[in-house]
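Chain by chain, the residues run as shown.
2 protein chains.
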Amino acid sequence: MVENIPASTPRRRGPYSKSDGRRRDILAAATQVFGVNGYRAGSLKEIAGIVGMNPTSLLHYFPTKDALLQAVLDERDKVSDAVASAAAGDPTDPADVPRAFLRIAQNNQDVPGIIGLYTLLAAESATPGHPTREYFVARYQRVREQFRGVFARMEDADLLAPGVTAEYAAASTLGLWDGIQMQWMIDPDSIDVVAHLRRHLSMITVVEL
Amino acid sequence: MVENIPASTPRRRGPYSKSDGRRRDILAAATQVFGVNGYRAGSLKEIAGIVGMNPTSLLHYFPTKDALLQAVLDERDKVSDAVASAAAGDPTDPADVPRAFLRIAQNNQDVPGIIGLYTLLAAESATPGHPTREYFVARYQRVREQFRGVFARMEDADLLAPGVTAEYAAASTLGLWDGIQMQWMIDPDSIDVVAHLRRHLSMITVVEL
Numbered sequence: 001m002v003e004n005i006p007a008s009t010p011r012r013r014g015p016y017s018k019s020d021g022r023r024r025d026i027l028a029a030a031t032q033v034f035g036v037n038g039y040r041a042g043s044l045k046e047i048a049g050i051v052g053m054n055p056t057s058l059l060h061y062f063p064t065k066d067a068l069l070q071a072v073l074d075e076r077d078k079v080s081d082a083v084a085s086a087a088a089g090d091p092t093d094p095a096d097v098p099r100a101f102l103r104i105a106q107n108n109q110d111v112p113g114i115i116g117l118y119t120l121l122a123a124e125s126a127t128p129g130h131p132t133r134e135y136f137v138a139r140y141q142r143v144r145e146q147f148r149g150v151f152a153r154m155e156d157a158d159l160l161a162p163g164v165t166a167e168y169a170a171a172s173t174l175g176l177w178d179g180i181q182m183q184w185m186i187d188p189d190s191i192d193v194v195a196h197l198r199r200h201l202s203m204i205t206v207v208e209l
Numbered sequence: 001m002v003e004n005i006p007a008s009t010p011r012r013r014g015p016y017s018k019s020d021g022r023r024r025d026i027l028a029a030a031t032q033v034f035g036v037n038g039y040r041a042g043s044l045k046e047i048a049g050i051v052g053m054n055p056t057s058l059l060h061y062f063p064t065k066d067a068l069l070q071a072v073l074d075e076r077d078k079v080s081d082a083v084a085s086a087a088a089g090d091p092t093d094p095a096d097v098p099r100a101f102l103r104i105a106q107n108n109q110d111v112p113g114i115i116g117l118y119t120l121l122a123a124e125s126a127t128p129g130h131p132t133r134e135y136f137v138a139r140y141q142r143v144r145e146q147f148r149g150v151f152a153r154m155e156d157a158d159l160l161a162p163g164v165t166a167e168y169a170a171a172s173t174l175g176l177w178d179g180i181q182m183q184w185m186i187d188p189d190s191i192d193v194v195a196h197l198r199r200h201l202s203m204i205t206v207v208e209l
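Residue numbers (full-length UniProt numbering), protein chains in the order written: chain G, 1 to 209; chain X, 1 to 209.
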């Protein structure tokens, strides 16, 4: 534990914190490579190249490609949760839910590799023997539950459009969001994810967007 | 051209029709393997194994893995168009459009590998150097256009729900359909594609489903 070090003091890193920095660099490179190439086509060699290591040294930090991918997803989930919380603004106000979704969608589109990391890897994870199948099954169950929760709060506050249930709002928003992100990955110049999502949320809620 | 052969007559196939049958067998096996594994993890060895050939002989029919995948997609597009036309029933009645979509969705869910062939390969095609990137860019442009066309006909016939435009109906239906199919691929026991699509079409149109 290092505390209260003035900003101007050069920090001398022990082997532990140097190793930590290395891990972070590797995770950042792997996020980019897996997010763009997917798991199967993403290579340890390319990841190692970005951080200026050889692949064998990289395996000192993450023993297998699977372990590295899982670490990337775990790390991203932490960041995503933080971004989602920050983007959600005042969580006691259900009227802010649609705008929070739009901020998250904008953030996803701005950070390279994020949409690929979830959309591309989710699709790829449906293939036999893929290391993150269970992760994505669990993730979708969790996200479906979260979406149902926030739209239920909107329903309780009479903020859904006439005839729209929380169940439909949740399933349609999650489905449409993923589908549009997939179209965006394939043809980014033709598709505006945020605009599509805004129009959908305008249709299913009574919140002005 | 062989015509009017009684059903009981054994057909003697010349080298050409035998080769044709071989091609069909290979395409069927490749549809299954690419639809379940995607392109990168789908192997020529596995495809050859299903039809009882060695991979080298298979390359006599399709010179590369890329050529074989393209042939699979071209073949499926022919079948899909035929199924879509048949499912569409009377194309002069725009009120039948939502039920036609549901029949296609049901057919997709019933034929193994079809959803994977489009959803999985579409996602995978967004990765660098994937052989079907251009195919999917063009395919999505064509499908978006088709969807806009059929929903425009529904709009003209006053069959869309109040406030729903043909543009929104097309984009939301295509996006949601793809997104739900992706969730289904990952966790088929939790997701019913047809039910999701039926609920969506019930929301955006005034047709009883």
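Keep in mind that the hints were calculated from the coordinates and are not lab data. Note that this is a predicted model, so its numbers are computed, not measured. There may be inaccurate statements among the hints.
Claimed, not checked - DMTMM-like cross-link-like pairs, simulated, lysine to aspartate or glutamate; straight-line CA separation at most 25 Å:
1) X/K78 with G/D187
2) X/K65 with X/D93
3) X/K65 with G/D187
4) X/K65 with X/E46
5) X/K45 with X/D81
6) G/K65 with G/E75
7) G/K18 with G/D93
8) G/K65 with X/D187
9) G/K78 with G/D93
10) G/K65 with X/E46
11) X/K78 with X/E134
12) G/K78 with G/D66
13) X/K78 with X/D66
14) X/K78 with X/E145
15) G/K78 with X/D187
To be verified - Output of the computed footprint for chain X on chain G, the stretches with three or more beta carbons under 8 Å from beta carbons of chain X:
16) 18-26
17) 52-64
18) 68-74
19) 96-103
20) 123-129
21) 147-155
22) 194-204
Idealized CB from N, CA, C, for every residue including glycine.
Violated constraints from the hint list, given by number and in increasing order: Numbers 2, 5, 7, 16, 17, 18, 19, 21, in rising order.
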